[in-house]
Amino acid sequence: MMKRFVSPARVRTVLLLLAVMMLATSCGWSLWDNPMTTVRPRSDFGRWIDEIFMLISWTTLVIFIAVEGGLLYCCWRFRDRPGAPIPKQIHGHTPLEIGWTVAFALVLLIIGIPTIKIIFRTQEAPAATDLHVNVVGHQWWWEFQYPDYKITTADELHLPGGRTAAFYLHAPDVIHSFWMPQLGGKRDVVPHRVNRIILTPDVPKVTTEHPGQCAEYCGTSHANMRFRVIVHPEGEFEQWVKAQQAPPVDSTDPLAQQGKDLFTKSTCVGCHSIAGVSAGHIGPDLTHFASRGTFAGSLMKSTPDNVAKWIENPQQMKPGALMPNLGITSEQSKAMAAYLLSLK
Amino acid sequence: MAESHAAAVAHSGGHASIRTYINVAVALTILTTLEVASLYIPGIPNWLLVTALIVMAGLKFFLVVGFFMHLRYDSSVMRALFVGPLFIAILIILALMALFSAFILLPHHVL
Amino acid sequence: MATQAAFMPGTEAAKRQSVLWSWLTTVDHKRIGILYGTSAFIFFLIGGIEAVIMRLQLARPDNTLVSAQTFNELFTMHGTTMIFLAVMPLSASFFNYMIPLMIGARDVAFPRLNALSYWIFLAGALFLNSSWLLGMAPDGGWFGYANLSSDQFSPAMNIDFWMLGLQILGFSSMLAGFNFIVTIINMRAPGMTLMRMPVFIWMSFVTQFLLVLAFPAITVGLILLMFDRFFGTLFYMPSAGGDPLLWQHLFWIFGHPEVYILILPAMGIVSEVLPTFARKPLFGAPFVIFSGITIGFLGFGVWSHHMFAVGMGPVADSAFSIATMLIAVPTGVKILNWIATLWGGSLRFKTPLYFSLGFIAMFTMGGLSGVMHASPPVDLQQTDSYFVVAHFHYVLFGGSIFGLFSGIYYWWPKINGRLLDERLGLWHFWLMLIGFNVTFFPQHFLGLIGMPRRIYTYAPDLGWNFWNMVSTIGALIIVLSFLIFIVNVIKTIRSGTVAGPDPWDGRTLEWSIPSPPPVYNFAIEPVVHDRDEFWLQKYGDGHGGKPATRPRAATAQDIAAIHMPAPSYWPILLALAVAFMISGLLVSMYQVIAGGLLTLIFMYKFAMEHHRPAPGHGH
Amino acid sequence: MADHAVAAHAVHDPNIGNTGLDHRKMGMWIFLGSDCMFFGSLIGTYLSYKGKSLSGPGPHDVFNIPLTSYSAALLLASSLFMVLALARLQEHRVKAAALWLFLTAAAGLHFVLNQVYEFTTFALHEGLRLSTNLFGSTFFVLTGFHGAHVTGGVLWLTILMVLALRGRLDHRDYTKVEIAGLYWHFVDIVWIAIFAVIYLIP
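Protein chains in written order, with this note's numbering: chain E, 58 to 401; chain V, 1102 to 1212; chain R, -10 to 608; chain Y, 23 to 224.
Rather than coming from a laboratory, the hints here were simulated on the basis of the structure. Bear in mind the structure is a predicted one, so any value in this text is a computation, not a measurement. We put the beta carbon where it would ideally sit given N, CA and C, even for glycine. There is no bait here: all hints are sound.
Listed below are the simulated SDA-like cross-link pairs for lysine to any residue, each with C-alpha atoms no more than 20 Å apart in a straight line:
no., chain 1, residue 1, chain 2, residue 2
1, Y, Lys74, V, Ala1199
2, R, Lys594, Y, Arg190
3, Y, Lys72, Y, Ile223
So the derived label-pair ranges between C-beta atoms look like this:
no., chain 1, residue 1, chain 2, residue 2, range
4, V, Ser1202, E, Tyr206, 29 to 39 Å
5, V, Trp1148, Y, Tyr139, 25 to 35 Å
6, R, Phe279, E, Met78, 29 to 39 Å
7, E, Tyr206, R, Thr59, 35 to 45 Å
8, V, Ser1202, R, Val476, 53 to 63 Å
Some chain V residues judged to face chain R by a derived CB distance under 8 Å, without partners named:
no., residue
9, Val1178
10, Ile1193
11, Leu1197
12, Leu1200
Generate the whole structure from the sequences, applying the supplied hints.
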């Protein structure tokens, strides 16, 4: 039935397939430069990982080519020919087999030794001079606290380039995983346990934004638990800290005034804190809400429209969100959005 | 005695004589008494107590499995089927214990 | 048991039984194998449909085909279904059908227990899937991580269905495991020493040990979860000092051996198919066998490599990393031995061989990407990203499914008596190979550019759009390939080419008997001299030695003297009672108690079915 | 038909495999191996959580070592009774075997009742319940599952005893009693481990 396994037509098909695969792969290479790429690291931690990943990739690529090549060669070379006699019944070749067992073990040494070095290098104790950041993973948003500066923010992490930062990961509800792909590997955020990540972001030329995301399934809106890391060039971080430490300034805009009124009289104050206005601790701190580019688990840009829609119907925008639909009318929500967006 | 023992072995895959059973039971009683008594030795160092208790429990375990369950006389297949899993189970208990104290446990409120 | 009326084809008693009744009460390992295989394939299709819906949802960013909740249910049920209801029972169907045939036995050691395993499996599978009908499909992931699975964060019954369903399925797997271990040790034909066992039998043997030793760990994990949810214990409750990581440890102590439970049977199948179609023995069979044993044993010491990101500390990370890398050695040895089996052979390119070659090619890729995240630092980037999704689909789809389908094409003529169509088979193979790679290869890219797993939606500006679309198209190609397989089965099941006893010029005992085999399998118990006994009978040892003697032809008297176990309705009744008892936990304690009593009574009946009747009764 | 069956028995006992070993006994040993993993996981859980309760009472506030020692002795004695039952059965002394089976089951039942007493004392007088603290959770679940194993064993032994008294069990059923014995001894050795590791080690 399958007498001619290798026909010209078939060879052409295989070549075509190979060409398509190469094309596809080269598309892949051009796609490495994406906002959440893991292979264009921007920190020491990320580079250590990338180093060993590249080492393993090249090693396995060699094995891959040898094995798949050998397989294809066997398929071509030992295909059944009409009238072929029964092949020699070889049962094995012990020295050869011991040989490749040992060879595999040696290859693993190449990978294993640097792996262990980097395991220990990436889990060293923090230094007192490190920037201390508490990362708190909530269902489904991120809270970032800077105890040294007494600042709390949400869904937006600001880091000074070139300064080592120590992240302490806290989970008040379920397990999350804190992942800033371009700055390095993830760590799970586990209740009743404080994990750590220590890394030094590269000094960028201009303020750079790296999206991050929760990487451990944590319930309905796991996909919506995103955040942004903003790495500042020298000096800029301190400015940001000053702005955040300052109390919010009341806007003179009447709509915002009306929004503030609504906010203080509604149940909002039970969950959200705005310095000098309210002191809730369940939802994100809103003191400098307008200074952040995105909100609600970094799901949306902070435009008046988005914010108003969110206040009116959070459940629609982030399924399962702990902020309930409060029966706020669209007029009211517009006013409240204006207020929140005045909190620079 | 020896004959009846041999007959018994031939009959059913083998087991010990009644006298052996009684001897084992006596040994088990003594070991249990020692276990409990060792708790009340005044000033016994903790490590010694723990080691002694584990050794004695291990001995009792071995006596019951070896004699009452006839594993000493049984086919090596049966022995492998039980001892192998027992070995893995013990390793897993030890690994779990190691893992649960090796975690970095910082106080909950570093905030 | 011989004390009951023997079930013999053609007897009056057999004719009177309705077909349905005979299947419900069957204890014939071949029929149970067919039941397992059919159910598994149906669940495989259900799991596949779940996968396709997910792929359609992810085809575009910000898509709204399904809701977040539905998507979470889909990936939970897809994983659970594919692992517990598709790949495991598909393997079980080969264990059931082929183990007795390949070791020259007439049945398994405990035929009724075998039926019980199947019915419990089916009950558990239906219980788990009934949650769809109630709109409460499990939504905690197939791994069900605590403390998301706790009462506080998952108050609805979704998790209960998953937890209890898995518990039921676990009983089934463990019972089957006990049965097959005894069968393989105790029922080999005379002369079949352990090292003369076919390699499929060896891999099945190791798998059974993994089943009976790994499942207790998840049984305990699930019991603790059940107590947490129903009786207020604090095992996974962080506020009371409980550690959600305990669940992860118990789960992966089971979960990692489970990976080998899924792949070893496929490796066994490949180890049978390659020699048959290369017409030469498996190269270095002892190495392959010992590799399998080593993989099985080491499989119990690597579970924490699923947890490198939880912060176990550098020492534990290093230890589990080294152990994990060690497993790559026996795995690599196997792959080279398979290729060496092809070397110098005379390869007849039939569908089963294509699938086995596909297995080697794809599994190698899965294995190599596995080496990458055996390194904890690299794992910190790759775990819970699409890179890992790609990796384990290369292992479980490219590996297990390709291997199992190789087995289906290989043994189908033995089971059905007719060959599957070769041309449709090749279409199936090539479409599946292409579709599989188009679906899953781009997921490596997606993982490396930061796409996390288990997200129902993603933003359009992250560079994930193109590869997600490609992946979805690939999934549709896979669907097409399986449609072709179904057409193939429908086309040939009654009218395919008659296979005869030995269509592939096979090497092992199952090919020495008619297709499909008679109820008693072997009219004359074979005597075994070699791993490739049937080949030896046909061709000799290839070194000028004489062919082994074939068993003498059976006479009518021989066949009349064969006693096969009688059918029994206790297995299905007992399985129903168990399911009734466990599902009672969702309804009322009275049902649990009633179900428990029924279970006890039926167990007694089951145990006493073949006990000597009381003196003065009948004889 | 009966003659038929007897003849077949004489030729080949369907419970004996080609290795000469009994299927059922081998099955029981594997089950026990698997049960090692079951109790191993439970004991591992207990030990991992040892001393991590956030509130009292702790083990040494509630344990009644003399009572538990008595329970341990009961199980050990029952193991002896079990092997004696088996020996009597082999000597074709069915009634004596039934007596020893009865004593085994009775000792087992006594053990279970002690445990019920222990549990209720803990719950009612010491304020230790499943949901009190981690110790309560781990302790009750571990020892409770052991107790369930014992209860199952008592049922099994009782059934064998009744069968023996009714003349439906004799030396030909040696293996049936033997595997019940294996199970029973296993329950005993699990208690040996629990007794030392949970009750005695401080």
